[in-house]
Every structure is written in structure tokens, then in C-alpha cells.
Amino acid sequence: MARSLAIAELIQQIPSLRAGDDLLLNGTLFTARDAAHKRLAQLIADKQPLPLQLANTAIYYCGPAPARPGDAVGPCGPTTSARMDPYTPLLLSQGVRITIGKGKRSAAITDACRTYQALYCVATGGVAALLSRKVTRSEIVAFADLGPEAIWRFEVADFPVTVALDSQGNNVFELSTNR
Amino acid sequence: MRIIPAATITETIARLCQQANYFLPFDVEDALIEASQKEGSPRAREILTQISGNANVARERSIALCQDTGIAEIFVNLGQEVHIDGEILQDAVNKGVARGYAMGYLRTSIVADPLDRVNTNDNTPAQLTLVIVPGDRIEITVLPKGGGTENASALRMFPPSAGWPGIVEFVLETVREKGINACPPLVVGVGIGGSFSAVGKLAKLALLRPVGSVPAAGAYAARERELLDAINALGIGPMGLGGRTTALAVHIEHAPCHIACLPVAIAMNCHSMRRMTETI
Ligand code: SF4
Numbered sequence: 000m001a002r003s004l005a006i007a008e009l010i011q012q013i014p015s016l017r018a019g020d021d022l023l024l025n026g027t028l029f030t031a032r033d034a035a036h037k038r039l040a041q042l043i044a045d046k047q048p049l050p051l052q053l054a055n056t057a058i059y060y061c062g063p064a065p066a067r068p069g070d071a072v073g074p075c076g077p078t079t080s081a082r083m084d085p086y087t088p089l090l091l092s093q094g095v096r097i098t099i100g101k102g103k104r105s106a107a108i109t110d111a112c113r114t115y116q117a118l119y120c121v122a123t124g125g126v127a128a129l130l131s132r133k134v135t136r137s138e139i140v141a142f143a144d145l146g147p148e149a150i151w152r153f154e155v156a157d158f159p160v161t162v163a164l165d166s167q168g169n170n171v172f173e174l175s176t177n178r
Numbered sequence: 000m001r002i003i004p005a006a007t008i009t010e011t012i013a014r015l016c017q018q019a020n021y022f023l024p025f026d027v028e029d030a031l032i033e034a035s036q037k038e039g040s041p042r043a044r045e046i047l048t049q050i051s052g053n054a055n056v057a058r059e060r061s062i063a064l065c066q067d068t069g070i071a072e073i074f075v076n077l078g079q080e081v082h083i084d085g086e087i088l089q090d091a092v093n094k095g096v097a098r099g100y101a102m103g104y105l106r107t108s109i110v111a112d113p114l115d116r117v118n119t120n121d122n123t124p125a126q127l128t129l130v131i132v133p134g135d136r137i138e139i140t141v142l143p144k145g146g147g148t149e150n151a152s153a154l155r156m157f158p159p160s161a162g163w164p165g166i167v168e169f170v171l172e173t174v175r176e177k178g179i180n181a182c183p184p185l186v187v188g189v190g191i192g193g194s195f196s197a198v199g200k201l202a203k204l205a206l207l208r209p210v211g212s213v214p215a216a217g218a219y220a221a222r223e224r225e226l227l228d229a230i231n232a233l234g235i236g237p238m239g240l241g242g243r244t245t246a247l248a249v250h251i252e253h254a255p256c257h258i259a260c261l262p263v264a265i266a267m268n269c270h271s272m273r274r275m276t277e278t279i
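Quick mapping for you: the protein sequence lines, in order, are chains S and F. The first sequence begins at 0 in numbering that gives the first Met the number 0 and counts up one residue at a time. The second sequence begins at 0 in numbering that gives the first Met the number 0 and counts up one residue at a time.
Hints are not guaranteed to be accurate.
Claimed, not checked - Ranges between beta-carbon positions, derived for each pair:
hint	chain 1	residue 1	chain 2	residue 2	range
1	F	N55	S	R17	46 to 56 Å
2	S	D70	F	G85	54 to 64 Å
3	F	P255	S	E173	38 to 48 Å
4	S	Q41	F	D121	47 to 57 Å
5	S	D70	F	P113	49 to 59 Å
6	F	G85	S	P50	41 to 51 Å
7	F	P4	S	Q52	33 to 43 Å
8	S	D110	F	W163	19 to 29 Å
Read the hints as simulated data drawn from the structure, not as lab findings. All residues carry an ideal CB built from backbone N, CA and C; glycine is no exception.
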């Protein structure tokens, strides 16, 4: 049974959550995909101010489609997480605690989740219309010029994810292929 | 000779881009339901239920099934008795894509230069495949192809000695290594033969066949079944979280090739196997 949790509670419970746990998230997610990661990494390298606070945030790998008038957000499913792997340890070192996407990641991310006591969660890919109904509000917070790759703030209600990498080094994909 | 205004092609493509992104084809929906009935893993069944539910939401609200509304793959079978009046075909096609993606609230996912990577903001240029056929009609198919599925695709030039066993190994290795990132359950298009440039196209044409259909050449029906069973024995399951439903279908297209070559391409597709066809 999936547990419904506020993001702040979830962050507190990171040490006890395990790969394979089903969760329903409530609170704020920030979207970022390839181009936004590249820019954030550059700003950090140049010691420039960031357009958002990364401490205790959840980053959602997503580039939403445009919203129809009256909709809180457009279709917004996860994109492939592995493409963000080169940037993820850096962002976790800056305080990001949860990343959400789809698919397997490199061994470096398993280690980074242990080092920084972070979680990697997966959402179902390709169910973007369904997931858009779990977002109550959205706005662009940075890099608007990147179009679909801008950073958005999503307020979510019971957004369904599964823990894929926990803070103890467990990996849901290894559990499921061993079955 | 039949005269068809270029504007008619533009309008048709604009409409097809939207419909393809909102409506999951019935053959795919049916295959998902059938897979769910055979699936033993509760988590896998839950994901398959989400996928079917997603198709309902997208259809009812006219919103995209997936936020990745893809690179627009356009297949045009042009009757040779048709005269297109107005712009050249490529321009009419690109205008249709730009219009369809803007009107349909679809994401623009194309960058102008592969290294500079600035978004063209209208999802053009489209990928156009043109075939001249007998008759005075134009058949147009739009297949929005997601980036995750493109990145999970592969092409290899084998020596003829590799034969069918080499192809099976290549397909299984590709699904094992890259399949998870293409949102399984997959539809796997396999091209065999032709040439280096032709085989990728063959693999993509294989995706146009309805899921559950049987190929014309009998020997290939058995090969498709063999590959599908082998893929579903891998245990990857929906979204890689385990289960028997790793692929809904494997389709093979083949073509004559050089005596020294055995080109093989794998066009991976996700459960969001979007395609829509109209004839003018
Ligand atoms: S692989 Fe398909 S379903 Fe998954 S995100 Fe890409 S287009 Fe969407």
C-alpha cells in the first residue's frame, strides 16, 4: 500500500525508507532536465548565485508539455534519469535530497545516495496525462528561455512514486531482476 | 492526374499530429489489457492499469499521452498520379507539424544544431519518409517518436555468418541494456537487410504494423514470436520493476541486401506506441 507523505516528512524519513516502497508525495517539486542541469552545474562551478535554493529540495526530471488553458500543468511524466547522472552527485552535495525520474542509474548514484543520505525515486514513464492530474499548481522559476527545459515549481498532491535507490545502497532494479 | 493543394496536406498533418498524441491506438490498448491478464506481478499489473488509465485521461481531455510528444516521423505514400499544387511537399509537411504542435499544446523537442542545442520552438523539421506508390491518393502517417526510445535503439552491421542467432543475441542484449529507459512494455521494431542507411528505416516501418498483426512472410511470424517470448522471459517487466510484460510485440521488416552484409537495426518504442494515419 502506498503511503501519503509531505516532502518535508519524507526527507526526515529517508534513513528508514527502502527501495521498493511506494509513496504518494505532497508538496513542492522542482523540475530540471538536461539543459537546466548543465546551467546549474556551470553556475555552481563559477560560484554564481543560483536561481533557486537547493537545500532540502526534491528535483523531478521532467520537461512538461504546454498546459491547456485552465489546467494546472501540461502532461508531465518523468524523463530518463541516467542522462542527469554526471550532474547528480554535485547537486546532492548542494543539498538536493530527492531525485525523481525513470530508469536505472549508474553505480555512482547508488554511492552518492548513500553518501548524501538521499533517495532516487521512479515515477511511471509515459503516463503524463494521468500525472498532470496530481499537480495542483505550476510556475516557471528559472531559465524560461530554455522552453520545455526550464525549471518549474510543481505543487503536487499524492504524486505516485516508488523508491528506486535508498540511502543504504539498495536498488529496486536489482531486487526486481533477482526475482 | 489529381490536383491536391499543399494546404490540404498541411491541415491533415496538423490534425494527425494532435490525434496521434491524444489517442492510444486500439490495438495497443487491447494488447495492454491482454498483457495485464497474463501478468503475475501485482506491481506490473498496477503499472499496466496506470497506462490504460492514462490513455483514458488523454483521450477525454485531448491532452498528450506523454509529455515527450516526440520528433515527428511522417510517412507519406504519394500516389504518382497526384500533383501537389503550391509549396513543395517538405514545406507543407513542416508547416503542418508546426501548426499541429502549437494548436495541440504539444511539447517542442527539436534543437536546430545537435551541438549548439537551441530549441527550434515549433518541433520542426519533421523526419519525412516519402514513397511513391501507384494511384491518385496520398496516405499520411504521423508517428511521434520519443527521445527515450530513440536513445534505446541500435544498429549493427553483421557478417552474414552471424545469421538469425546473431540477431536474436543483438536484440536481447539491446533490450537488456537499454530497454528500461524506453518505458517498457516495449514495441520492438527490427529491420533486417537493405543497407546501412535503409535498415534503420525498415525498423521504423516495422513499428507501423498494428500490434497483434502477423507478417506476410510466414517464416518471419515464427521469428517474431521467438523474439517476443525471449524478451518476455528476461523478467524486466513494466518500467523495469519486474514482471513478464517486457514487450507487447516484436515486428520484423526485411529487405534484400549485399552478399557481404547482414545489416540489423532495432527501433525501440515504448508502450506509448502512437501513430495515426489518414488518406487524402
Ligand atoms: S519512452 Fe515513450 S512513454 Fe517513455 S517518456 Fe519517452 S515517449 Fe514517453
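Structure-based check of all given hints:
1. N55/F x R17/S: 46 to 56 Å: With Cβ atoms ~32 Å apart, the hint is violated.
2. D70/S x G85/F: 54 to 64 Å: violated (36 Å)
3. P255/F x E173/S: 38 to 48 Å: Hint holds: Cβ distance 44 Å, inside 38 to 48 Å.
4. Q41/S x D121/F: 47 to 57 Å: violated (27 Å)
5. D70/S x P113/F: 49 to 59 Å: The hint (49 to 59 Å, Cβ to Cβ) is violated, given that D70/S and P113/F are roughly 32 Å apart.
6. G85/F x P50/S: 41 to 51 Å: At roughly 46 Å between Cβ atoms, P50/S and G85/F fall inside 41 to 51 Å, so the hint holds.
7. P4/F x Q52/S: 33 to 43 Å: Once the Cβ atoms are compared, 55 Å apart, the range 33 to 43 Å for Q52/S and P4/F is violated.
8. D110/S x W163/F: 19 to 29 Å: Violated - the Cβ-Cβ distance for D110/S and W163/F, about 41 Å, lies outside 19 to 29 Å.
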